Structures are given as structure tokens and as C-alpha cells.
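Go ahead and model the full structure; you've got the sequences and the hints to work with.
Going by my numbering, the first residue of the sequence shown is number 43, and it counts up by one from there.
For the record, the hints were derived by calculation from the structure and aren't laboratory data.
Any given hint could turn out to be false.
Unchecked claim - With a straight-line cut-off of 25 Å between C-alpha atoms, the simulated SDA-like cross-links for lysine to any residue are:
#, residue 1, residue 2
1, Lys505, Arg521
2, Lys62, Ile111
3, Lys62, Ala124
4, Lys62, Pro106
5, Lys62, Leu523
6, Lys505, Ala519
7, Lys62, Asn524
8, Lys505, Arg477
9, Lys62, Ser76
10, Lys505, Asn495
11, Lys62, His121
12, Lys62, Gly520
13, Lys62, Ala101
14, Lys505, Ala489
15, Lys505, Leu492
16, Lys62, Ala78
17, Lys62, Ala127
18, Lys62, Val532
Only a predicted model underlies this, so the values are computations on that prediction, with no experimental measurement involved.
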Amino acid sequence: MFDAPQSTSGAHLRVDGVSKSYPARRVLTNVGFSVAAGDRAALIGENGTGKSTILRLVAGLETPDAGEISTPITLALYHQQAPFAPDATLAEVSDDALAPVRHHAHQVARLGEAMAAAPEDATLADSFAHAVAEAERTDAWGAERRWEMLLDGLGLAGLDPARRADELSGGQVARLCLAWVLVQRAELLLLDEPTNHLDDTAAALVSQMVAEWPGPVLLASHDRAFLDETITSLVDLDPAPRQHRTVGESGVTRFTGSYTDYLASRGSQRERWQRQYEDEQAELNRLRERVRKDQQVGHANWQPRSETRMAQKFYADRNATVVSRRVNDARQDLERLEAEQVRKPPRPLTFRGLAAVQNGAGTAVPPGSVPSGPVLVASELAVNGRLPATDLAIGARDRWLVEGPNGCGKSTLLAVLDGLLEPTAGEVHRPERLRVALLGQEPAPVAAGLTANAAYRAAVGEKLAEQVPLGAFGLIAGRDLNRPVAELSVGQRRRLDLACVLASPPDVLLLDEPTNHLSLQLATELEASIGDYPGAVVVASHDRWLRRRWTGLRLTL
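Here it is, written out as C-alpha cells:
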């Protein structure tokens, strides 16, 4: 059990009117929110809305174009870039991770000796008191024990201290980075997808530490179970329903409560937004028609009963006055409503589903040719040091979930089934024309300079790209189709990879941690569409939300 850090009740994070643009597009516009000590706020929104950008700005890795950010004195960021050199040994990584915490203990010892020599020095006494407070806050004297417990809880205990970081797997490096951040006990904790690569034990450890963090916590995560367990509020970067949205208004929605509570609230808010927009548009059309019709009152050829000039002038003037008043009233109502109208709710980016384009690109395992038995069989399959002997028989419409702790061989099994990795024992039996495709954990490499559309065409071929364009999947927003892939977020690049796999649906679809880096909405839509896929689906996942709702077959390694 970890000791909770000392309280930092005076520490808080404030983001005020922050905007950020890159050469190709603006990512953030006038974003503002605050996170108090003890508050754990999650940034949520579609891929590409700026969650990671905000974390980098708060961490000081980038500078906002406008606005201000104030943070506590110390902060730590967990993100996709390791804070240590690739060729550093584990012993060196440990020393570097513990150096800031050890410094506080050393300061207490040094200032204590200085005070013994000059007990009347008030300035020295203040410095000593501050050093003691920092050492207590970071638990400087328990840092070594905490580091060992973190390594154990994250599945890294027992690794050779002389081993280099670049000799570890990607998941092990990610967990080592997470241990580095958590051991330092900074006042402000910033986390970007902290539960990627974590099994249940490690995820529970991180959830406990985040839930007990006394300072402000700001995080971005696709892990719905983790969000429900830890957060106290959400900052939604997607467009939100508003009565009046004007230039200069903060472009976020703040919600206090759990992620599950937010889902219900967000759905009802959007329904109200749509209804209000439709009602206002109907009223605007009515007012426009009224202005048009009120240009004249009565019949166009109407004449007063008296034919005298005086009578004609009297009635004409009265008619003109009435018309003018009505037209002015209608125009004023119209102008006021046009100025204050609710903007149209943007069409959400909605995934069409795993089987969305099967008819256009050829159906996986065509109807009428479904084999009666398994289509893919693994017998005593093993890879030295990575996968124990495993048997698996996959039917044409099977839904398999492969689960187990980190290092048990889930990704290795999928790589062998896909043909990317040769087993050291056992074999895979498959029909000659069976098509298997894998969505890997990390985005696939793309040639420099290619746009999303160009990368898609290069991956699937020009002919298929014409038949099934990238936009058909609902995975990449129209504004991003011609953006360079290098400028896309990690989540957007995984969306691109998924589209490439689905352009010609394989008979057996392999998904390795499919919810990693994806937005919360897309992860939910992806899960919901698994049952509709026309072929077999094999999912390897640590995602507790997905696993709790899985109704298909399971293989535990």
C-alpha cells in the first residue's frame, strides 16, 4: 500500500483563454478551465481536438499563441515521449527518476547541519522548514521503497538493472515512464493515456494512486473504467450546446461527476440543443415570411368608399403607418433572433461500423461459402520467451477475446496468426485463400509528406480507394482527409489504420488493443459493431470496460 502524498491544498492549475495553432490548422481557441487541489479532471473529446496539446502546453513543452497558464511549482507529465535516453540502463533510469526526490532529503540534511552551526539564523530556519515540508510532501525518505513497489506493481520487477531501455518492449518502456512520473510526487500530475499497456493489477495500482493524489490532476484517457474510478470532473473539448456562443467565449464544457453520469447528461443536452435549433429555425422562417407579407396591409387594389382626394390621402397615410409599424416590429424580432440564435449542432463524426463497406469491397467469407468448421487453427503454438504453447480454433463467425496479464503473449499470438511472426513451435492451419488482417497497437509507419487520403490510397490501392473512399468509414473528419499524416494525432492515425484494414474486410479480423488512443465515442462504437462483422473477429485487450461487456468466446493466456 502506498502512503498518500502530503496535502498541497494551495496548489491549483488555471488555463485562461488559451489558443494554439499549427501551420495547417488551429487546434485550440480561447480554452479556459481550472483544476483545484484534490480535483481530478479528464480531458475528453474526439481525436484531434487538442487533448494532448493542452497537456503539453500545461507542462511547458509548447507555448500557447494566446492566453495564460498558471501551475503549481512542480509538475510531472506522462506522455508518449520517454524522459530518459533510449540507451540508458535501468539502473541509470532509476537514479534519474529518484534524483529530484533524493534532493529534498539531501537538502534537509545539509540545512540541518547548517542550522546546527548557526541556530540564530532566521533565513536558514525558513529554508530548513521549507525543505522539510517538500521532503514530507514527496516522501523523500520512502522514495526507494516506493520505486520498488511501483516497479513490482507495474510488472517490471526482476528486470536486470544493466539492461538498456531500448532492449525493452514498447509496453515495458511505457510502464517504466509511468513509474518515473509517479515516484516523483509532483504537485501537479499530468497523464496522457496512462492505462495503455497496463493489465488489471497495474491499472488498479494507478487508479488508486491517482484517486489519492492531493494536488490537481489533469489527464486524457480512453479508458472508460479508469475514468469512472478516478475522475471528479470532465473538460469536454467537443462543441457543446450553448444559448449564445460568441467570439471570446471559452470553447469547453465542464461537467462535475463520473464518466457514466456525463454520458447520460451529454446525450440529453444534445437532444435539447437539436430541438432548440429546429424550433428557432422554424421561428426565423415565420418571421421572414411575416416581413415579406407585412409590406402591405389589406388588398392591393382596395380603395376607400369616398372618392375624394382627402379621404384617399387619409386612408393611404393610415395604411402606410400600420404597414411601417408591423414591418419594423417584425424586422426587429427577426434581427434579434438572428443575432442570438443557437448555432446548428455539428454533425458528429460517427463510425459506420466494422461491416459498413462490405458490399462495396467484397464480403469477408461470402454468404453460401461459410465453412462448417474452424477456418483458422493454431496447434501447440509457441514463441520462445513470449508465448507459451497455445491452442486456438477460430470459426468463420467466431468472436474471440484474448486476455491475460502483460507479457503473457497476447500481441505475439495475434502477430503469429497474421503471419508477421514465425512460431518457434507448433503451427497455424488455414485455407489457402483465407484472408487475415491485423490492426496493431501502434500506428503503422507512413512515408513522409503523405496526406491521410494519399496514405490510404497507397495502402489499399488506387482502384479500391476509388470504390471505397476513406471518408466512407466515418473515421476521419472531412477537414482532415488532406492533412499530412505527420500532423494527425495518434488516435487519428489509428483511425486511418483501421480504415486501411476494413477497406477490403478480411475473413479473420485481428484487433490488438483496439480501443488504445481512440476517442471514447469511437471506442464505444467500435465495440458495438463487432457483432455485425461478416467474418471472424479476434480481440486482444486489457480494456476492462470492453471485457466486462464481452459476450463471445474467451481465451486466457
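Tested hints:
no., hint, verdict
1, Lys505 <-> Arg521, "holds, 23 Å"
2, Lys62 <-> Ile111, "holds, 12 Å"
3, Lys62 <-> Ala124, "holds, 24 Å"
4, Lys62 <-> Pro106, "holds, 5 Å"
5, Lys62 <-> Leu523, "holds, 21 Å"
6, Lys505 <-> Ala519, "holds, 22 Å"
7, Lys62 <-> Asn524, "holds, 20 Å"
8, Lys505 <-> Arg477, "holds, 19 Å"
9, Lys62 <-> Ser76, "holds, 18 Å"
10, Lys505 <-> Asn495, "holds, 13 Å"
11, Lys62 <-> His121, "holds, 19 Å"
12, Lys62 <-> Gly520, "holds, 21 Å"
13, Lys62 <-> Ala101, "holds, 14 Å"
14, Lys505 <-> Ala489, "holds, 20 Å"
15, Lys505 <-> Leu492, "holds, 18 Å"
16, Lys62 <-> Ala78, "holds, 23 Å"
17, Lys62 <-> Ala127, "violated, 29 Å"
18, Lys62 <-> Val532, "holds, 18 Å"
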